[in-house]
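As a plain string of letters, each chain reads:
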Amino acid sequence: MEPLILSHELSKNYNGKVCALDRVSLEICPGEWVAVMGASGSGKSTLLNMIAALDLPTSGALWVDGVDIVTYTEEERVRFRREKVGLIFQHFYLIPYLTAVENVMLAQYFHSMPDKGEAEEALRRVGLGERLDSLPSELSGGEQQRVCIARAFINQPKIVLADEPTGNLDATNEETIMKIFHHLHRAGHTLLVVTHDPHIGQQADRIIELDHGRVVPVVSSQRSFLKNTNFTLSIPIKEKHPT
Amino acid sequence: MIKQMLTRLLAKSLWKQKTSTALIVLSVASAAALVSAFLNLAFHLTEQVAKELRSFGANILLVPRSDPLEVEIGGLKYVAPEESAHLEEADLVKLKTIFWRHNIVAFAPFLSRLVEIEGNRALLVGTWFEEEIAIPAGKGLFTFASGIQREVEPDSGKFRTGLKSLARWWRVEGGWVGEDGQGVLLGSQLAQRIGVGRGGVVRITYQGRTVLFPIRGLVQTGGVEEEQVFVHLKKAQDLFGLPGKVDKIQVSALVTPDNSLAIRASRIGPARLSPEEYETWYCSPFLNSIIHQFEEAIPDSSAKAIRQVSEAEGAFIGKMRLTFMLTVALALLAASLGVMAAMMTAIFERRQEIGLMKALGADGKQISLFFLLEGGISGFFGGVLGYFGGLAFARLLAARTFSLASFSLPLSLQGVILFTTLILAVGLAVVGSFLPMREATRLEPIRAMRGS
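Going down the list, the protein sequences come from chains A and B.
Residue 200 in the numbering used here sits at position 200 of the first sequence, with consecutive numbering throughout.
Whatever position you read off the second sequence (first residue = 1), add 243 for the numbering used here.
Hints are supplied without guarantee of correctness; some may be wrong.
Straight-line alpha carbon distances no greater than 25 Å define the calculated BS3-like cross-link-like pairs of lysine-lysine that follow [said to hold, decoys possible]: (1) A:Lys116 x B:Lys491; (2) B:Lys477 x B:Lys491; (3) B:Lys339 x B:Lys259; (4) B:Lys491 x B:Lys407; (5) B:Lys407 x A:Lys116; (6) A:Lys116 x B:Lys547.
Residues of chain B clear of chain A, computed beta-carbon distances all greater than 10 Å [stated by the list, open to error]: (7) Trp258; (8) Lys259; (9) Lys547.
The hints are simulated quantities; they were obtained by calculation from the structure and are not laboratory data.
C-beta atoms are modelled at their ideal positions from N, C-alpha and C, and glycine is treated no differently.
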């Protein structure tokens with residue numbers, strides 16, 4: 001299968017001193033759920049920002065859906081984000097003066113055409129059918145994150161990139177969010193989830209661990225059984241290659 | 244749906260950031276108020292000032308076309324009566340039938356000769372002191388060679404005019420010569436020289452005919468008139484044996500300062516203007532176009548500008564307009580800086596929101612449109628607020644500073660002022676939003692979302 005995301009020797013230096021990513025090469029296939037893990041400052045979010053075309057590498061190549069997005073102009077990167085990527089953030093980033101449904105419609109507005117019915121349906125799917133007209137300030141953290149998820153999926157993107165999606169949530173809300181992720185994964189979406197939480201990472205098909213900007217080779221666990229079972233019962237198997 | 248979403252986004256965004264929206268609206272409103280106030284005052288005051296200046300005398304003189312060269316020294320006219328050409332008194336009403344008839348504030352005829360007054364030589368001037376005349380219907384529709392037709396409203400029918408209206412700065416001790424035409428108004432220096440005063444009688448002799456006149460009042464003008472004696476025109480015509488004749492007519496007319504067209508018309512003559520230019524020139528109250536219309540109305544006359552007054556008036560009004568425009572320009576500049584500062588603050592406070600929009604796929608055009616519309620809407624409301632604020636300010640200023648009891652402009656002119664104010668207000672807000680908007684489009688999504 002052709003990889004959906006393919007990076008080759010991707011590096012990012014800040015001011016020529018701080019090396020956030022160091023020659024990262026990886027492949028992610030369509031429909032795969034990949035967790036990117038590592039300590040703070042290991043380069044997880046930098047990698048995610050590169051794949052989302054929110055940031056440019058210092059060197060290397062990055063193909064997404066067969067195109068090297070490093071060569072994109074600013075205009076092309078905007079179009080790429082609009083059409084191919086769904087973003088979920090740790091801090092939600094909802095527009096405070098728009099209701100839940102309007103926040104979802106905002107992504108439709110920038111993509112093509114706002115459709116209130118579709119936006120409401122997306123919110124119902126994440127269990128927010130009763131909170132459509134609530135402002136972000138009237139929603140709990142978990143509910144806000146579910147609005148973000150609905151917003152990320154509303155335009156049917158090829159890849160969903162989530163940066164610490166449960167980082168600000170309690171255990172109950174974390175469980176709800178992960179259920180939604182499993183549901184989306186089963187529906188065939190490609191997920192790339194940045195997390196420092198092993199419990200979250202272990203639920204992915206594969207883990208890519210970063211350390212000081214470098215990929216730490218990991219033996220992936222074939223955990224297709226998760227697709228048919230309750231994820232909370234799964235026990236991940238992770239083996240580190242000797243370095 | 245896109246428009247609905249944008250409208251909802253804009254409405255909520257403006258409401259959410261009430262403080263910065265209010266700041267922008269107030270910045271624009273303050274400039275718009277000045278624009279509105281100054282436009283109102285410029286239109287209203289220039290008319291008032293022109294009227295005030297008109298109270299300082301006539302600005303047009305009509306004499307017979309074939310008048311011989313006359314010599315006047317110290318107010319005494321050295322010309323033989325038989326050599327003089329005359330205008331007809333009956334033609335005076337025609338002055339109120341021209342295209343710019345409504346701009347004729349006052350006029351008075353004059354017929355003067357040297358006489359003996361109590362053994363002293365002095366100029367006796369026959370004139371109208373305060374005369375009510377019936378204005379003929381006159382021409383209502385003016386058709387031009389360019390094919391354009393202009394209609395002029397008929398006058399009210401009656402018009403009170405004379406020296407009293409024309410020479411409002413004269414100080415008269417006693418009273419003016421009344422409607423009965425009896426008595427004289429004596430120049431104060433002449434009265435002193437011949438040793439007579441108010442209530443007395445003077446003996447006036449002209450070519451062997453002597454007439455006694457009671458002295459109604461003494462006049463001080465600061466000019467040659469203080470050495471003259473004024474009687475009703477009819478008395479002078481009887482005395483000189485010139486019934487129905489006048490030497491000259493002085494007219495006070497409201498005029499507008501000359502522009503390039505008026506200057507060109509003066510240089511090459513109105514006949515050499517193109518039909519369209521001629522029509523524009525004819526239908527503008529330039530001094531020379533009114534003079535031209537007088538000569539049309541009274542073909543035997545030759546009209547001349549009394550330049551001192553009209554030039555001073557034109558220069559003053561021109562300077563007043565320039566001052567208004569400069570002040571308005573400075574106010575607009577200051578307000579656009581205010582809008583820029585408020586917008587910059589708003590964009591700084593909303594950088595996470597802008598970063599998110601860009602991360603979701605908003606391009607530069609969408610971000611620009613959003614902020615320019617926000618600026619434009621604030622500008623519109625600032626313009627409306629400023630227009631009414633400016634109108635109130637103009638009324639206050641007119642009443643307190645310029646002591647004008649009434650302040651009214653035609654609705655059509657108010658519409659023009661409102662439209663101009665709104666266009667300037669929206670333009671100002673959009674221009675003020677331009678640089679902040681450019682900054683917004685340049686924000687890097689990730690850095691903006693992190694708040695850095």
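Verification of the hints:
1. For a cut-off of 25 Å, the pair hint linking A:Lys116 to B:Lys491 is broken: about 84 Å separates their Cα positions.
2. Of the pairs offered as hints, the one joining B:Lys477 and B:Lys491 holds, with about 15 Å between alpha carbons and a cut-off of 25 Å not exceeded.
3. For a cut-off of 25 Å, the pair hint linking B:Lys339 to B:Lys259 is broken: about 62 Å separates their Cα positions.
4. Of the supplied pair hints, the one linking B:Lys491 and B:Lys407 holds, its CA atoms being roughly 17 Å apart against a limit of 25 Å.
5. Restraint check for B:Lys407 and A:Lys116: not satisfied, since their Cα atoms lie roughly 78 Å apart, outside the 25 Å limit.
6. Simply put, A:Lys116 and B:Lys547 have alpha-carbon atoms about 77 Å apart, too far for the 25 Å limit, and the pair is violated.
7. With a least beta-carbon separation of about 7 Å from chain A, B:Trp258 fails to lie farther than 10 Å from that chain, contradicting its non-interface assignment.
8. Here B:Lys259 does not stay apart from chain A, with its beta-carbon only about 4 Å from theirs, under the 10 Å limit.
9. With a minimum CB-CB distance of about 71 Å to chain A, B:Lys547 clears the 10 Å threshold, and the non-interface call stands.
The structure is inconsistent with the numbered hints 1, 3, 5, 6, 7, 8, although it conforms to all the rest.
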